[in-house]
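*Asks:* Residue numbers (our numbering), protein chains in the order written: chain A, 550 to 713; chain B, 550 to 713.
No lab work stands behind these hints: they were computed from the structure. Virtual Cβ for every residue (Gly too), placed ideally from N, Cα, C. Treat the hints with care, since some could be wrong.
[Claimed, not checked] Over the 12 angstroms line for every Cβ pair with chain A, so calculated as not near, a few chain B residues:
1) L664
2) G689
3) D703
[As the list claims (entries may be wrong)] Listed below are several chain B residues computed to face chain A (Cβ distance under 7 angstroms; list not exhaustive):
4) A577
5) N601
6) T613
7) I637
8) D650
9) T653
[Said to hold, decoys possible] Chain B stretches covered by chain A per the calculated footprint, using a threshold of three residues with CB under 8 angstroms from any CB of chain A:
10) 560 to 573
11) 602 to 612
12) 640 to 649
2 protein chains.
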Amino acid sequence: MNAMPRIDRTTLNQLEQTLHHEIPLSRAMGIQVVRLDAQGLALSAPLAANINHKHTAFGGSLATLATLAGWGLLHLLLHGHPPATIVIQDSHARYRRPVTDDFTAICALPESEALTTFLQTLIRRGMARIDLTASIPVGGRPAVEFAGRFVAFDSTRAPAIGPA
Amino acid sequence: MNAMPRIDRTTLNQLEQTLHHEIPLSRAMGIQVVRLDAQGLALSAPLAANINHKHTAFGGSLATLATLAGWGLLHLLLHGHPPATIVIQDSHARYRRPVTDDFTAICALPESEALTTFLQTLIRRGMARIDLTASIPVGGRPAVEFAGRFVAFDSTRAPAIGPA
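Build out the structure end to end from the sequences listed, making use of the hints.
*Replies:* Dropping the structure here:
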């Protein structure tokens with residue numbers, strides 16, 4: 550069973566503003582927060598701002614959108630309880646086929662058990678890790694498969710280390 | 550032994566223009582082509598355009614710079630013989646410590662033998678794969694370690710597939 554938080558559109562808009570404000574590259578990429586549902590958190594980006602020499606989506610943009618879908622999902626799941634800094638520790642991206650249009654990365658909700666362990670560890674130790682997966686589908690099949698390990702630090706307790 | 554091509558500054562400037570022209574995100578990131586030497590190809594980016602919520606370099610930017618260092622190195626090594634389209638197939642990034650200033654990704658030259666096999670395969674089969682590694686050092690130690698598998702397609706023979 551997956552954890553399905555209740556998040557309204559205002560909160561999704563706030564996440565989009567947070568991304569654009571704190572990570573200017575997300576604005577340059579034209580990233581939008583689309584929805585959070587049982588499939589996970591969906592972020593989109595237009596092809597035009599993220600195009601490459603083959604007139605398809607640039608690999609760096611694809612991996613970045615997936616990274617931010619993971620970061621955004623944790624941001625929403627934590628929702629400031631405790632106030633946490635979230636960083637990425639490790640990521641793997643597999644590019645399976647070209648993305649020829651505007652694209653959407655969907656980061657899947659973690660299993661309830663994994664999320665509970667993550668939250669309990671964060672509260673108890675001030676730091677916790679969680680593995681998330683995201684994909685960028687094209688025509689119903691994954692064009693990009695992404696796996697990321699994220700770390701959250703309770704920002705009332707410890708200085709954060711690491712990127713992103 | 551590593552393959553060390555003879556590349557002048559004009560060619561490096563052309564690579565920078567190619568990146569900025571064909572991948573607009575590289576311009577938004579402020580990417581510059583710094584040098585090609587025995588260490589490999591070095592690309593730099595300013596912190597300001599690539600900052601995150603912790604005022605360090607955003608993970609997406611770090612992985613993207615490393616990806617482009619790999620792409621750029623292959624672009625220089627092939628140098629149009631044969632005319633090839635280069636894409637990334639798989640990438641792994643490990644974020645070890647924060648990057649708190651302007652940063653440089655260095656993609657190492659492949660071993661001569663691996664490069665020879667890659668070029669021979671590309672000429673013979675019209676397509677070849679090669680694994681490259683890049684790092685983003687901070688204070689002499691790698692802050693980011695990156696490994697990417699790239700594929701080149703002889704563009705006179707086959708349509709290219711895959712991102713980046």
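*Asks:* Each hint needs a verdict: does it hold in this structure or not?
*Replies:* Hint check results:
no.	hint	in the structure
1	L664	holds (22 angstroms)
2	G689	holds (18 angstroms)
3	D703	holds (14 angstroms)
4	A577	holds (4 angstroms)
5	N601	holds (5 angstroms)
6	T613	holds (3 angstroms)
7	I637	holds (4 angstroms)
8	D650	violated (13 angstroms)
9	T653	violated (15 angstroms)
10	560 to 573	holds (count 4)
11	602 to 612	holds (count 10)
12	640 to 649	holds (count 9)
Checked against the numbered hints above, the structure breaks hints 8, 9 and satisfies the rest.
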